[in-house]
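*Asks:* Below are the chains, spelled out letter by letter.
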Amino acid sequence: MNANQIECPDCGGHKALAPQTEVGQLLSCADCGARLEVLSLIPMQIGHAPQIEEDFGE
Amino acid sequence: MAKLGLVCTMLTPENMAIKKAAEAAGAQLSIIRDEQAPFSLHGEPSLSNLDVILARSSSFTRSLYLSRLAEYAGVPTINSSSAQSLCGDKALTSAFLMQKNIPTPKVLLAFSPSSALQAVEQMGYPCVIKPPVGSWGRMVCKISDKHAAEAVVGLKDSLGHYTDKVYYVQEYVDKPQRDIRVFVVGDEVAFSIYRKISETSSSSFITNLNHGGAAEEFSMTDEMAELVHRTASCFGAGIYGVDLIEYPDGHAAVLEVNHAPEFSKSAGEKAGQVAEKIVKFALAKAKK
Numbered sequence: 001m002n003a004n005q006i007e008c009p010d011c012g013g014h015k016a017l018a019p020q021t022e023v024g025q026l027l028s029c030a031d032c033g034a035r036l037e038v039l040s041l042i043p044m045q046i047g048h049a050p051q052i053e054e055d056f057g058e
Numbered sequence: 001m002a003k004l005g006l007v008c009t010m011l012t013p014e015n016m017a018i019k020k021a022a023e024a025a026g027a028q029l030s031i032i033r034d035e036q037a038p039f040s041l042h043g044e045p046s047l048s049n050l051d052v053i054l055a056r057s058s059s060f061t062r063s064l065y066l067s068r069l070a071e072y073a074g075v076p077t078i079n080s081s082s083a084q085s086l087c088g089d090k091a092l093t094s095a096f097l098m099q100k101n102i103p104t105p106k107v108l109l110a111f112s113p114s115s116a117l118q119a120v121e122q123m124g125y126p127c128v129i130k131p132p133v134g135s136w137g138r139m140v141c142k143i144s145d146k147h148a149a150e151a152v153v154g155l156k157d158s159l160g161h162y163t164d165k166v167y168y169v170q171e172y173v174d175k176p177q178r179d180i181r182v183f184v185v186g187d188e189v190a191f192s193i194y195r196k197i198s199e200t201s202s203s204s205f206i207t208n209l210n211h212g213g214a215a216e217e218f219s220m221t222d223e224m225a226e227l228v229h230r231t232a233s234c235f236g237a238g239i240y241g242v243d244l245i246e247y248p249d250g251h252a253a254v255l256e257v258n259h260a261p262e263f264s265k266s267a268g269e270k271a272g273q274v275a276e277k278i279v280k281f282a283l284a285k286a287k288k
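Protein chains in written order, with the numbering used here: chain A, 1 to 58; chain B, 1 to 288.
The hints are simulated quantities; they were obtained by calculation from the structure and are not laboratory data. Think of the CB as a built atom: it goes at the ideal place given N, C-alpha and C, for glycine as much as any other residue. Treat each hint with caution, since some may be false.
What the hints assert, rightly or not - Partial selection, computed: residues in chain A whose CB lies under 10 Å from chain B: (1) Asp10; (2) Val23; (3) Gly24; (4) Cys32; (5) Glu37; (6) Val38; (7) Ile46; (8) Pro50; (9) Glu53; (10) Glu54; (11) Glu58.
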């Protein structure tokens with residue numbers, strides 16, 4: 001796996017990150033649709049995005 | 001240059017656009033993630049060192065607490081905590097709109113299952129039960145008959161959160177398969193759209209884009225524009241998503257007012273311009 005690639009923690013699918021990706025940015029796994037968040041760029045770490053809570057909204 | 005704080009839960013597409021606009025405007029931007037660190041009630045430096053804050057948390061609760069802390073530290077917050085507290089609770093929004101003589105659908109409020117069923121009978125069928133706090137059309141229920149009322153009220157009564165025990169019963173408006181979202185920044189309308197129930201909508205009644213509704217740009221009538229400006233000014237200069245609903249006779253009423261409105265889906269290609277307007281508005285409110 002390349003340095004700019006991530007592995008989905010749910011399905012294991014691989015995805016290449018765009019060069020301008022930032023910590024905290026939200027992503028969707030192209031394979032399973034999981035909502036992911038970039039936790040760190042160096043080293044590259046990816047996790048689940050925060051769960052939607054009752055008072056979330058706009 | 002002013003120190004601008006962006007308080008958020010996640011770097012949503014809207015917050016990414018605001019970040020980009022703030023950097024382009026030359027602002028000193030601090031991104032404050034609401035769940036990543038504790039906040040001191042004795043002068044939280046991550047807030048008090050700023051000149052202005054954009055409160056864009058996904059969480060209403062967190063946004064309200066952090067905005068109040070910032071305001072106590074003398075930092076202007078957009079939107080103000082008082083506006084957020086009104087907008088974030090549909091019951092308070094409706095009561096405030098009615099008090100300001102702004103047309104809005106009728107609402108009854110009840111605090112027990114039996115009084116909720118009375119409220120539904122009094123409102124008549126169909127009517128709508130909504131959670132007072134919440135967004136994206138979640139748990140918004142059209143109540144067509146007594147059986148549906150008993151089911152929804154019974155379900156809410158069995159849930160654990162205290163806001164589930166608040167029964168917000170709203171008049172059903174037979175709208176033309178759409179409602180209207182108007183995005184207001186200060187005195188300016190950034191954009192206005194129809195939110196239409198589409199073939200991909202997951203609801204035959206809820207227009208929210210998160211339910212698959214389709215956004216379509218449209219120009220407001222003068223009457224609607226006046227209503228939107230009057231509404232926004234009542235809540236205080238800020239950034240609002242004002243939702244209008246059209247009655248069968250064509251007149252519009254204010255359905256709700258959103259205090260941290262999303263815009264990445266609704267503004268489409270204009271999202272970057274909307275973010276620029278937001279940043280410009282915030283910097284104009286910064287401490288001198």
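*Asks:* Now tell me if each hint is right for this structure.
*Replies:* We went through each hint and held it up to the structure:
no., hint, in the structure
1, Asp10, "violated (18 Å)"
2, Val23, "holds (8 Å)"
3, Gly24, "holds (4 Å)"
4, Cys32, "violated (19 Å)"
5, Glu37, "holds (7 Å)"
6, Val38, "holds (8 Å)"
7, Ile46, "violated (14 Å)"
8, Pro50, "holds (6 Å)"
9, Glu53, "holds (6 Å)"
10, Glu54, "holds (6 Å)"
11, Glu58, "holds (5 Å)"
Of the numbered hints listed earlier, those contradicted by the structure are 1, 4 and 7.
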